[in-house]
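Participant: Listed here are the chains, written in short residue letters.
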Amino acid sequence: MLECKALQVRYGYVEALKGIDLLVKENSITSLLGANGAGKSTTLRAISGLEKVYRGEILFEGKRLDVLQTHEIVALGIVQCPEGRKLFPGLSVHENLLAGGYPLSSKQQLTTNLEFVTALFPVLAERKKQAAGTLSGGEQQMLAIARALMADPKLLMLDEPSLGLAPIIVEQIFDVLLDLKKAGKTIFLVEQNANAALHISDQAYILEVGQVVLSGSGKELLANGEVKAKYLGG
Amino acid sequence: MFFQQIILGLREGSLFALIALGLVIVHKTTGVVNFAYGHMGMFAAFMTYTFYSIMGLPLLVAVLLGISFAVVIGILTEKFLLRPIRHLSHSAMLIITLGMLMILEGLALLIWKQDFQQIPNLVVGRPLRLNLGESFLIITRQDLLIFILTASIVFGTFFYLKASKLGLAVRATSQNEESAKLMGIRVGAVYAFAWGLGTGLSALAAILAAPRTQVQPNMMLDLQIQGLTAAVLGGFDSLPGAIVGGLLLGIIEQLVAQYISVELKMGIALFIIILLLLVKPDGILGKSTKRRV
Numbered sequence: 001m002l003e004c005k006a007l008q009v010r011y012g013y014v015e016a017l018k019g020i021d022l023l024v025k026e027n028s029i030t031s032l033l034g035a036n037g038a039g040k041s042t043t044l045r046a047i048s049g050l051e052k053v054y055r056g057e058i059l060f061e062g063k064r065l066d067v068l069q070t071h072e073i074v075a076l077g078i079v080q081c082p083e084g085r086k087l088f089p090g091l092s093v094h095e096n097l098l099a100g101g102y103p104l105s106s107k108q109q110l111t112t113n114l115e116f117v118t119a120l121f122p123v124l125a126e127r128k129k130q131a132a133g134t135l136s137g138g139e140q141q142m143l144a145i146a147r148a149l150m151a152d153p154k155l156l157m158l159d160e161p162s163l164g165l166a167p168i169i170v171e172q173i174f175d176v177l178l179d180l181k182k183a184g185k186t187i188f189l190v191e192q193n194a195n196a197a198l199h200i201s202d203q204a205y206i207l208e209v210g211q212v213v214l215s216g217s218g219k220e221l222l223a224n225g226e227v228k229a230k231y232l233g234g
Numbered sequence: 235m236f237f238q239q240i241i242l243g244l245r246e247g248s249l250f251a252l253i254a255l256g257l258v259i260v261h262k263t264t265g266v267v268n269f270a271y272g273h274m275g276m277f278a279a280f281m282t283y284t285f286y287s288i289m290g291l292p293l294l295v296a297v298l299l300g301i302s303f304a305v306v307i308g309i310l311t312e313k314f315l316l317r318p319i320r321h322l323s324h325s326a327m328l329i330i331t332l333g334m335l336m337i338l339e340g341l342a343l344l345i346w347k348q349d350f351q352q353i354p355n356l357v358v359g360r361p362l363r364l365n366l367g368e369s370f371l372i373i374t375r376q377d378l379l380i381f382i383l384t385a386s387i388v389f390g391t392f393f394y395l396k397a398s399k400l401g402l403a404v405r406a407t408s409q410n411e412e413s414a415k416l417m418g419i420r421v422g423a424v425y426a427f428a429w430g431l432g433t434g435l436s437a438l439a440a441i442l443a444a445p446r447t448q449v450q451p452n453m454m455l456d457l458q459i460q461g462l463t464a465a466v467l468g469g470f471d472s473l474p475g476a477i478v479g480g481l482l483l484g485i486i487e488q489l490v491a492q493y494i495s496v497e498l499k500m501g502i503a504l505f506i507i508i509l510l511l512l513v514k515p516d517g518i519l520g521k522s523t524k525r526r527v
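Protein sequence lines correspond, in order, to chains A and B. Residue 1 is where the first sequence starts when you use our numbering, and the numbers rise one by one after that. Residue 235 is where the second sequence starts when you use our numbering, and the numbers rise one by one after that.
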């Protein structure tokens, strides 16, 4: 569904991505793991059109993405839930969700999607009128995911959804990702929490200083000695 | 007597509020303080004068053309002068608006020379007399029009930003530009909207003020400062704050003029505002910078 071919991104003279290849298959959970500064977020930002691609290409259902602008990429059905949530803190929970549904043209569909995401995260319905900035960390992450789902994307990309959250909330959120996959969505997950991510991933890539050093199914990587030593805490 | 001064202050203040509103809309959305703001209005007032007095169009048509001209100039400025350097820094954009200020002033001098020109009051007729117990107050119809226009524009803008889809996009973009992009919002269109609306408001303010200031290259100099002050007073990122700040500044200036000194009214008013801001640095309705992490 989504393919990066020899993707290179530079910040000035610094090579953030040194030519990576990866493939996200339809109706799967694919994750991109690695330490801080490995280039995970850069990959997502390049796919969303927030960073310029220096060389290589990004294809989505056969279409070149790297020549499009962010709003055009969103219109194709790729929505990113950014790192650190980046909500609209002064807007209410409801308005945040409406902003997520911005690309939709029909009111009918907006209502349907609102019902869908509030069924997924019932707490958001309770907090409907509250300013997003006043939610707890876990609630904010739920809102960020719900907001990204409002446009009913084909491909949902999440940047570090587990960041700063209690393990029980992380589990809850990852369960939702599995539910979403069952509902037919494709998920591309960027994580530092390799253990949690590998358990739900169909396919995973490990990134080190801008290069893919290892890839395989979630199970394979969980069993891999090097991965265990480096990313799973022994 | 005192009450009369308040009304006179509100009259001045609604013009300040109108200017502050446009400045705040542009700043809140795009992060730029537009130094050329007043001059863009001045230029539009000259265009209105040209349409009306030189080309002989009806006054209302000339006014609407003048405002439309400003809207277009605002959009073009954003698109071709500011957006290309958006990634650099906000101060780079600030310098551009400073350059615009000088260019517009020079152009106006070049095209229309130094003579003061006129735009008549938009409404004519006998001034209204307001009886207040023993004293009375005279309000011209133009002043009443300024008041009504400001009020309706304020409520219209609030309502539009609150209830429309584009309004939501504007508010979302002003909170987090990158997230707005990721939601599929065309932030370029949002900037263009803010600049178009803001510059249009400046033009309206200049045209409304023109009968008093005359049409001349520096007609908006004081008003720009007063509008900026009103915006700062209100917190700079709050639309209601801009209105409250504008009205308050009007009243303060009027009271200073009446009871202390006419010559010093702006100076003393600004001094009072410095004191006010020392007490409340975020402005009257500004959001405090504390935020939950």
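Hint data in this document are derived by calculation from the structure and do not stem from the laboratory. Remember, predicted model here, so these are calculated numbers, not experimental data. From the three backbone atoms N, C-alpha and C, an ideal C-beta is built for every residue, glycine too. Treat the hints with care, since some could be wrong.
Said to hold, decoys possible - Each computed DSBU-like pair below joins lysine-lysine, with the alpha-carbon atoms no more than 30 Å apart:
#	chain 1	residue 1	chain 2	residue 2
1	B	K399	A	K129
2	B	K347	A	K86
3	A	K128	B	K399
4	A	K52	A	K107
5	B	K499	A	K86
6	B	K514	A	K86
7	A	K181	A	K107
8	B	K514	A	K154
9	A	K185	A	K129
10	A	K86	B	K396
11	A	K107	B	K514
12	B	K396	A	K129
13	B	K396	A	K52
14	A	K128	A	K25
15	B	K514	A	K129
16	A	K128	A	K181
17	A	K128	B	K396
18	A	K185	A	K128
19	A	K52	A	K5
20	A	K182	A	K18
21	A	K185	B	K514
22	A	K63	B	K313
23	B	K399	A	K107
Claimed, not checked - A few chain B residues facing chain A, derived, Cβ under 8 Å:
#	residue
24	R375
25	A406
26	Q409
27	I419
Participant: Work down the list of hints and note, for each, if the structure agrees.
Facilitator: Cross-check of the supplied hints:
1. B:K399 <-> A:K129: Judged against 30 Å, a Cα distance of about 18 Å means the pair holds.
2. B:K347 <-> A:K86: Violated, because 51 Å separates the two Cα atoms, which is more than 30 Å.
3. A:K128 <-> B:K399: Given pair K128 (chain A), K399 (chain B) holds - Cα atoms ~18 Å apart, limit 30 Å.
4. A:K52 <-> A:K107: The hint is violated at about 34 Å.
5. B:K499 <-> A:K86: violated (45 Å)
6. B:K514 <-> A:K86: holds (29 Å)
7. A:K181 <-> A:K107: holds (25 Å)
8. B:K514 <-> A:K154: Not satisfied, since the Cα-Cα distance of roughly 49 Å exceeds 30 Å.
9. A:K185 <-> A:K129: holds (28 Å)
10. A:K86 <-> B:K396: holds (21 Å)
11. A:K107 <-> B:K514: violated (43 Å)
12. B:K396 <-> A:K129: Between K396 (chain B) and K129 (chain A) the Cα gap is close to 14 Å, so the pair holds against 30 Å.
13. B:K396 <-> A:K52: violated (34 Å)
14. A:K128 <-> A:K25: violated (35 Å)
15. B:K514 <-> A:K129: holds (28 Å)
16. A:K128 <-> A:K181: holds (26 Å)
17. A:K128 <-> B:K396: Given pair K128 (chain A), K396 (chain B) holds - Cα atoms ~16 Å apart, limit 30 Å.
18. A:K185 <-> A:K128: Holds: K185 (chain A) and K128 (chain A) sit about 25 Å apart, inside 30 Å.
19. A:K52 <-> A:K5: Distance of about 15 Å is within 30 Å: holds.
20. A:K182 <-> A:K18: violated (34 Å)
21. A:K185 <-> B:K514: violated (50 Å)
22. A:K63 <-> B:K313: At roughly 28 Å apart (the allowed maximum being 30 Å), K313 (chain B) and K63 (chain A) satisfy the hint.
23. B:K399 <-> A:K107: Distance of about 11 Å is within 30 Å: holds.
24. R375: Violated, because the Cβ-Cβ distance from R375 (chain B) to chain A comes to roughly 40 Å (cut-off 8 Å).
25. A406: Status holds, d = 4 Å.
26. Q409: holds (4 Å)
27. I419: holds (5 Å)
When each numbered hint is compared with the structure, violations occur for hints 2, 4, 5, 8, 11, 13, 14, 20, 21 and 24.
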